[in-house]
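Number of protein chains: 2
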Amino acid sequence: MRNHYCIIMAGGIGSRFWPVSRNAKPKQFLDILGMGRSFLQMTYDRFAQFIPKEHILIVTGHQYKDLVKEQLPEVSDDRILLEPFRKNTGPCIAYATYKLMEKDPGASVVVAPSDHLILNDGELLRNIEAALELADREEVLITLGVTPTRPETNFGYIQANKAKPTQIKGHVVYEVKTFTEKPNMELAKVFVDSGEFYWNSGLFVWSLKAIDKEMSRLLPDIYTLFRNGKGIYYTTEEQAFINNVYAECKGISIDYGVLEKSKKVRMFAANFGWSDLGTWESYYIQKEKDSSGNVIDAPVNFLKDVTDCVVISQDKNKLIAIKELKDYLVINTPDVLMICPRNEKTVKQVITDISLSKEEKFL
Amino acid sequence: MRNHYCIIMAGGIGSRFWPVSRNAKPKQFLDILGMGRSFLQMTYDRFAQFIPKEHILIVTGHQYKDLVKEQLPEVSDDRILLEPFRKNTGPCIAYATYKLMEKDPGASVVVAPSDHLILNDGELLRNIEAALELADREEVLITLGVTPTRPETNFGYIQANKAKPTQIKGHVVYEVKTFTEKPNMELAKVFVDSGEFYWNSGLFVWSLKAIDKEMSRLLPDIYTLFRNGKGIYYTTEEQAFINNVYAECKGISIDYGVLEKSKKVRMFAANFGWSDLGTWESYYIQKEKDSSGNVIDAPVNFLKDVTDCVVISQDKNKLIAIKELKDYLVINTPDVLMICPRNEKTVKQVITDISLSKEEKFL
Chain A
168 MRNHYCIIMA GGIGSRFWPV SRNAKPKQFL DILGMGRSFL QMTYDRFAQF IPKEHILIVT
228 GHQYKDLVKE QLPEVSDDRI LLEPFRKNTG PCIAYATYKL MEKDPGASVV VAPSDHLILN
288 DGELLRNIEA ALELADREEV LITLGVTPTR PETNFGYIQA NKAKPTQIKG HVVYEVKTFT
348 EKPNMELAKV FVDSGEFYWN SGLFVWSLKA IDKEMSRLLP DIYTLFRNGK GIYYTTEEQA
408 FINNVYAECK GISIDYGVLE KSKKVRMFAA NFGWSDLGTW ESYYIQKEKD SSGNVIDAPV
468 NFLKDVTDCV VISQDKNKLI AIKELKDYLV INTPDVLMIC PRNEKTVKQV ITDISLSKEE
528 KFL
Chain B
168 MRNHYCIIMA GGIGSRFWPV SRNAKPKQFL DILGMGRSFL QMTYDRFAQF IPKEHILIVT
228 GHQYKDLVKE QLPEVSDDRI LLEPFRKNTG PCIAYATYKL MEKDPGASVV VAPSDHLILN
288 DGELLRNIEA ALELADREEV LITLGVTPTR PETNFGYIQA NKAKPTQIKG HVVYEVKTFT
348 EKPNMELAKV FVDSGEFYWN SGLFVWSLKA IDKEMSRLLP DIYTLFRNGK GIYYTTEEQA
408 FINNVYAECK GISIDYGVLE KSKKVRMFAA NFGWSDLGTW ESYYIQKEKD SSGNVIDAPV
468 NFLKDVTDCV VISQDKNKLI AIKELKDYLV INTPDVLMIC PRNEKTVKQV ITDISLSKEE
528 KFL
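If you read the protein sequences in the order shown, they are chains A and B. So the number in this note's numbering is just where the residue sits in the first sequence, counting from 1, plus 167. So the number in this note's numbering is just where the residue sits in the second sequence, counting from 1, plus 167.
Some hints here could point you the wrong way.
Note that identical chains are pooled: a pair holds if it fits in a single copy or bridges any two copies.
[Claimed, not checked] Derived DSS-like pairs (lysine-lysine); straight-line CA-CA distance at most 25 Å:
(1) 376 x 417
(2) 380 x 356
(3) 356 x 329
(4) 483 x 192
(5) 356 x 376
No lab work stands behind these hints: they were computed from the structure.
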């Protein structure tokens, strides 16, 4: 459709995939799974199947401009929105929203993270098309919920109001009761067993009009700051204006700032093989394992009594010789060697500790 | 003394120090402890204090000729004896013996490994001087025994006949009852408690005449092969002759071939801070440890909950980040990363396994 757009959020730093993902080249720019395209490229390819390419915007950190241009050379500069700082998804979406309103206030948009794994593109696109149709005709904020397959403690959950389902083009749509941040394992099990809870995929569909109204009501500060750019977007003043706005505005997620508080939220219940692939653990879960439960991506290796490990080496000439290791990550990049238990909390703690240490430059 | 010589045996491949020690540059050519000189250089320096430099011979593998010349540029080619194959210490000593006999049949020699650690040079030299004096006047084969300080299972032991000690220049000299290969821990404890057993340092002193006689009697094959070189040593034919001899002769240690069977063996009981530094475990024992019991030689590191490990990295720009590891070796060289329990048997097994694998080229 002519007035359908896609906003790809590509400003993350993917720190939990350290040391493969680095501040200078985070996860969305990497082909961590070895699929031949980076996450960002796969995301772009996915939406370019049914949204005009010139309607796809990338919002990213200013330092990643060259990476975006290198990986997506066909995206023109005015469609690469550069954030001077990371301020979470609220300001990111506000920026794209009010820039787009300058040109096409009647548009509907898909908002998509750039670094998630989606195994069933076709199913996703069918959901998105139906959601766009709904967004075109009703002032709702649509979020894509994924039927959970395990009690995952690393995802946010959406509780659907299963009493009042509606349908559009064969897709079930629910009103939403609650949004929940990452639960503990006990709660996650209750969620999954209940049948009411879905994983929050971070994929949203709405009309500019709908998000504009809810922002003005629920995030008035951010609304005002970005709305004031009217007449400045698409001019040579835009970047300076945005730099000032970002310096002033608070950092807040769209989930917390708008979705949790709005009555206009609707959820599609979908199954498109989704994972946010947010951690090494999710990488481990995703990848095929050898007979010892290892995920090995080390061209030259000699492993003995190594079980349930992730072993990655980016040096194709180096022998990685490991004896007796279980449930560890061994990740060798050109300037970092990490050896750490695979356990998510431990990995996160190590990365946090390094960020506070004098080796912080290696992040 | 004019007719004192030193034979430095430098043909080992130091495989148990892999991956720092490599076939292409084994342990004796390395400065593993960070002392500023390689083991070979330290050995040379030690004996050059009291043996004329032109009386010091190096026996090594043909592939190490350039390394010897690079590390000891003052040693002339005729004093670098090149073995075409490794055949243990028997042939190595026979070669040097019969070559020296060509020039100076009345000589006495010190035979020394090139890759051992000696902390008290002064004490060693006092023992060697006394031993040379004894060798000059009696047809005996002198071995230097080291008073054991722990029940070490990686050394050979010499059992002294404590009933009949003699003395020379204040040094106690014993006749020898038995030679024992590496004992198990139980036996090693009995040895140490008995007060009769000494570590076999592999340092020998004897006259050419004495070793010639015992070789002719106990290793007649080897004796004949090398003795037949009379008139060929120091000529352009020497290397071709030696290559043929080595192809024919058996591999056997001087301990097993001569010392265990000869009645002419005498042992000096000495304490010169000796270790053969034959394994990573002995390296670990030798080096100073931090408060967590680690030996760290990795310029850039971030270690958390790492205890009783050896962490070595030869890349001075690479961050070595390790979390939760105990009793491991982590050794990063330009082309090998080894992660392995510190346990000696395990390390040895890994290296053996690699030697039998398709990654054998990394040894």
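Going down the list of hints, with the structure as the test:
In this assembly of identical chains, the alpha carbons of residue 376 and residue 417 lie at most 25 Å apart only when taken from the same copy (23 Å versus 92 Å across copies). Neither within a single protomer nor between protomers do residue 380 and residue 356 lie at most 25 Å apart by alpha-carbon distance, with minima of 36 Å and 84 Å respectively. Proximity of residue 356 and residue 329 under a CA criterion of 25 Å is satisfied intra-copy only: 19 Å inside one chain copy versus 75 Å between copies. Taking CA atoms no more than 25 Å apart as the test, residue 483 paired with residue 192 passes in both settings, with 20 Å inside one copy and 23 Å between copies.
For the homomeric pair residue 356 and residue 376, neither the shortest alpha-carbon distance inside one copy (38 Å) nor that between copies (85 Å) is at most 25 Å.
Of the numbered hints given earlier, the model fails hints 2, 5; all others are met.
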